[in-house]
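Trainee: The lines below spell out each chain.
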Amino acid sequence: MQKFKVTFLPDNKTVSVDKDSTILSAAISAGVYINSTCGGDGICGKCKVVVEGRVTSQPNGIITPEERKNNIYLACLTNVHADLKVRVPDSSRLNFDKLTPEELEERLSGLYSKTEEISPVKAKFENGVFKHSPFTTKLYLELPKPTINDSISDLERLYRALRNFGGFPVIQTGLFNIRQLGELLRDYEWKVTVTLGRRNDMVEIVLIEPADTTGKNFGLCFDIGTTTISGQLVNLNSKKVLGTKAAYNQQSAFGSDVITRIIHAAKSDGLEQLHNAVCDTMNQIIKELVLEHKVDLNTVNCIVCSGNTTMIHLLLNMDPSHIRKEPYVPTANFLPVVRAAEAGININPRGLLSCVPGVSSYVGGDTTAGVLSSGLYQKEKPCILIDIGTNGEIVLGNQEFLVACSASAGPAFEGSGLTCGMRASSGAIQKIHIDKKDFSLRYSVIQDKKPRGICGSGYIDLLSEMLEAGIIDKGGKIKAQNHRRIRKTDLGYEFVVCFKEETASGSDIVINEADIENLKRSKGAIYSAASILVKHLGLEFTAIEKFYIAGGFGTYLDIEKAIRIGLLPDLERSKFVFIGNSSLAGAREILLSTQAMEMADNLAAKITYFELSVEPGYMEEYSQALFFPHTDLTKFPTVKF
Amino acid sequence: MGTQLVLEKWPAAISTVIIGATKDEGGSRSNIVKIGGQTSLPLLFKEGDLPNKPKIAFEIWDIPPQDWQEELISAYGKAINDPFAWAEKCVNEFKAQLLCVKMQGAHPDSGNKTPQEAAKFISALLNKIKVPLIIIGSGDDTKDNLVMPVVSEAAKKERCSIGCAVQDNYKTLVASVLADGHSIIAESPIDINIAKQLNILISDMGLSLERIVINPTIGALGYGLEYAYSIMERARLAALSGDKTLACPFICFVGQEAWKTKEAKVSVEQGIAWEAITATSLIQSGADILVMRHPKAIQKVSNFIETLYQG
Chain U
447 MQKFKVTFLP DNKTVSVDKD STILSAAISA GVYINSTCGG DGICGKCKVV
497 VEGRVTSQPN GIITPEERKN NIYLACLTNV HADLKVRVPD SSRLNFDKLT
547 PEELEERLSG LYSKTEEISP VKAKFENGVF KHSPFTTKLY LELPKPTIND
597 SISDLERLYR ALRNFGGFPV IQTGLFNIRQ LGELLRDYEW KVTVTLGRRN
647 DMVEIVLIEP ADTTGKNFGL CFDIGTTTIS GQLVNLNSKK VLGTKAAYNQ
697 QSAFGSDVIT RIIHAAKSDG LEQLHNAVCD TMNQIIKELV LEHKVDLNTV
747 NCIVCSGNTT MIHLLLNMDP SHIRKEPYVP TANFLPVVRA AEAGININPR
797 GLLSCVPGVS SYVGGDTTAG VLSSGLYQKE KPCILIDIGT NGEIVLGNQE
847 FLVACSASAG PAFEGSGLTC GMRASSGAIQ KIHIDKKDFS LRYSVIQDKK
897 PRGICGSGYI DLLSEMLEAG IIDKGGKIKA QNHRRIRKTD LGYEFVVCFK
947 EETASGSDIV INEADIENLK RSKGAIYSAA SILVKHLGLE FTAIEKFYIA
997 GGFGTYLDIE KAIRIGLLPD LERSKFVFIG NSSLAGAREI LLSTQAMEMA
1047 DNLAAKITYF ELSVEPGYME EYSQALFFPH TDLTKFPTVK F
Chain D
79 MGTQLVLEKW PAAISTVIIG ATKDEGGSRS NIVKIGGQTS LPLLFKEGDL
129 PNKPKIAFEI WDIPPQDWQE ELISAYGKAI NDPFAWAEKC VNEFKAQLLC
179 VKMQGAHPDS GNKTPQEAAK FISALLNKIK VPLIIIGSGD DTKDNLVMPV
229 VSEAAKKERC SIGCAVQDNY KTLVASVLAD GHSIIAESPI DINIAKQLNI
279 LISDMGLSLE RIVINPTIGA LGYGLEYAYS IMERARLAAL SGDKTLACPF
329 ICFVGQEAWK TKEAKVSVEQ GIAWEAITAT SLIQSGADIL VMRHPKAIQK
379 VSNFIETLYQ G
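Residue numbers (the numbering used here), protein chains in the order written: chain U, 447 to 1087; chain D, 79 to 389.
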């Protein structure tokens, strides 16, 4: 097969590919990231690149004749026929900017709210609901030397000393450790540090090291989101969080939602690619964390991962295809503790990896972790946890029962699938105010840069403000009027949020009627799922004591506006509590306490999965929610436009 | 011991809509038509007030109809070739109390009348006949947005009912109706939520809910009638329970649906029966205005209504 060289600019990375490969696949092999929300199906139009050289391209309705004149092509539908130079414009680039520490702090501890600014996750953690007993513990032992009267074997001697510390149920030791035990004990005068790890109901001797190293015992917890992966490095002795980092899940190159990823996994090498992508992202985060905090990677002994069922399948390189097919059965919800190395995660080579157990194919360990960290399962009165993500998970319950459902809300609130949508990262508009009289606009941008697009919380603000100013009607249609911000296009009306002079890309940032429709469906899916779940249990929203709102909304979410657009029910504002990334917080608790680990197992077994798609009232409920704020205005008594 | 009827009382009422304005009210109609006002489900006379009988409107066009079958056309004879004669025949011969005129001639595919031509037609029609009018656009949104405001203005003060406003195109029509003192027909695709949403959107523009007539969209017998029936019934139940946004009378376009069926094309008798049965079924689900085509079907349904309301 003929090979050609493709050079990607401005990265200046060159890769040699077979003739007829797509530019997108060349980019993936070159390690250059190009947006591709549809996973290379030629639908989303996010992978536009400028090409120098001979290519063939399949016809599509996305590239305009003018763009074609400027040599703009869709990377996924364009095949290499010569050596090429490909420039990836900013708009087609995944933004791998790291979040600033302040942003992360805010993102992880809870979101901004007008009514309340608390972080129960953190508070609970500090109070210590669970007994401190980390996933891996280090014990320093000084063993008595064997004598003719005390001649039990080296391993028995070690076990005997360990039992003095208290009741370990079953102890297991790998052959690797036993082989070197005799020499190690004698070389270091019977003074060793033993690292013990929990392997479900057993205790395993993970590692035997010379001398006293008990001071160096670290662990990691991760939230593996479909879009964002966040990780924390924790000192397991002091419970102190040393650092937190987040990066975009590199799997995004293969599609933006779990379904496209599952489809990709079925392609040849697809599963491998997705598995590698998540490992690469996590290993990069781990590397940066240990380097920055001067921690020896060998002293990182364990890792707890929380993620939706699909993400966990991909992390462990398990085939996720049955998640998508009726009757939607995953390979496993409860996974045994494995060695991190088996999953491809670089910590201590014998270090352990645990996944927070999931409930079903569409309610994963991230939800279990959320229930754990929000304390939902301890409440007397019913409370709700709403995780606003691509798959909006909703859990309703208290100390007696827990029921969860999953609403396919779509990625709109994560800024995906919208004309000018973007994730909550540098350059995203996250806060908007529109003057009712002249439609002049004030906005704030993450990191105060020139705006590149609008993120989920920005869209919530924008919708609410547009309704308030009468720019759109309650159905989400833009009202035609003579104003420079309102324009008619082939696709209907659009509203200009920022003119090109103000933006980073030099083109206008707009919202059109299709975007509004998209957002309307997302908010409708979440609201109606919560509503039907409450109804299913014979309750009313008013009977719910607290609403815990979790999700990756960035650093800001205005609860008032979320209610005004009908995303959240119209109730006393003090009922809403923002808990940010509840999945990561839960994973951290599990890392630090075997009690929490056992509780997570109990919770996952206890949570009842409620399938919305077979609920007869769901479609009706959903159609009613496709209006701002809702078709039944009596459900939103405080909302007046 | 006699059987005791269990009576249900509802807390709310359907609003009353008046079509037509007499001289005293600034118009030139000889009579007015009142619909709505119920405080019970259809025909449950003991449970509440049913002050206004269902009304039948004769459907006429501003041009000779193009796709009506021969049997239907022959019912009107030569008059059908002249819209004014057709209208007069309905009133004089068939004793129509209400006409529904469809401005089909403004459609780009059937004559493409200018807004001025359409307005001139309406003015002339209002001069020639004295019963109240329902005026319906051609169904081409872009064209209707040009034509209907002018038509509405030409019928100013005559308190017509003008339609149809749909979810994606209601603003122009609402503005005209508001300015010219008419009521509006709000059309939704057999969908109670959209009906409700559209009513909210219309009332948000300042046209009160009391000036809205709901066109729930119906299917003829055998073509989804039961679906329309249940949507109307659900809307009525909600309205009588206190949902103001659904408390509007219904207009049902029976003729156009019934005569579209292949059954109606078999014979004229069967067509008439099809139209009549569709209409009578809809009366039982709460229809307030039935827009119909065949005079014989209209006669049958008229008799049916009289019999029902004899008490």
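Since the hints were made in silico from the structure, they are not lab data.
All figures in this text were calculated on a predicted structure; none of them were measured in a lab.
Positions of the beta carbon are idealized from the N, C-alpha and C atoms, including for glycine.
Be a bit skeptical, because a hint or two may be false.
Stated by the list, open to error - Derived coverage of chain D by chain U (criterion: at least 3 residues anywhere in the stretch with Cβ under 8 Å from a Cβ of chain U; other residues may be distant):
#1 277-284
#2 297-308
Claimed, not checked - Only pairs whose alpha carbons sit at most 30 Å apart, straight line, appear in this in silico DSBU-like list of lysine-lysine:
#3 U:K882 to U:K449
#4 U:K925 to D:K374
#5 U:K1086 to U:K934
#6 D:K322 to U:K1086
#7 U:K966 to D:K378
#8 D:K322 to U:K882
To be verified - A few chain U residues facing chain D, derived, Cβ under 8 Å:
#9 G921
#10 F1073
#11 L1079
#12 K1081
Trainee: Hints first: check each against the structure and report whether it holds.
Mentor: Right, here's what the structure says about each hint:
Residues of the segment 277-284 of chain D with a Cβ under 8 Å from some Cβ of chain U number 3, which satisfies the need for three, so the listed coverage holds. With 0 residues carrying a beta carbon less than 8 Å from a beta carbon of chain U, the segment 297-308 of chain D misses the three-residue requirement, and the given coverage is violated. For the suggested pair U:K882 and U:K449, the alpha carbons sit about 59 Å apart, so the restraint of at most 30 Å is broken. Between U:K925 and D:K374 the CA atoms are separated by roughly 46 Å; this puts the pair beyond 30 Å, and the hint is violated.
With a CA separation close to 28 Å, the supplied pair U:K1086 and U:K934 stays within the 30 Å bound. Taken as a hint, the D:K322 and U:K1086 pair is honoured in the structure, with Cα atoms around 17 Å apart against an allowance of 30 Å. Restraint check: the Cα-Cα separation between U:K966 and D:K378 comes to about 47 Å, which exceeds 30 Å; the hinted pair is violated. Between D:K322 and U:K882 the alpha-carbon distance is near 29 Å, which keeps this suggested pair within the 30 Å criterion.
A least Cβ separation of about 6 Å between U:G921 and chain D falls short of the 8 Å threshold, and the interface hint therefore holds. Checking U:F1073 against chain D: minimum C-beta separation of about 5 Å stays under 8 Å; hint holds. With a cut of 8 Å, the hint placing U:L1079 at the interface with chain D holds, because the nearest CB-to-CB distance is about 7 Å. The beta carbon of U:K1081 comes no nearer than 12 Å to any beta carbon in chain D, farther than 8 Å, and the hint placing it at the interface is violated.
When the structure is compared with the earlier hints, violations turn up for hints 2, 3, 4, 7 and 12 and for no others.
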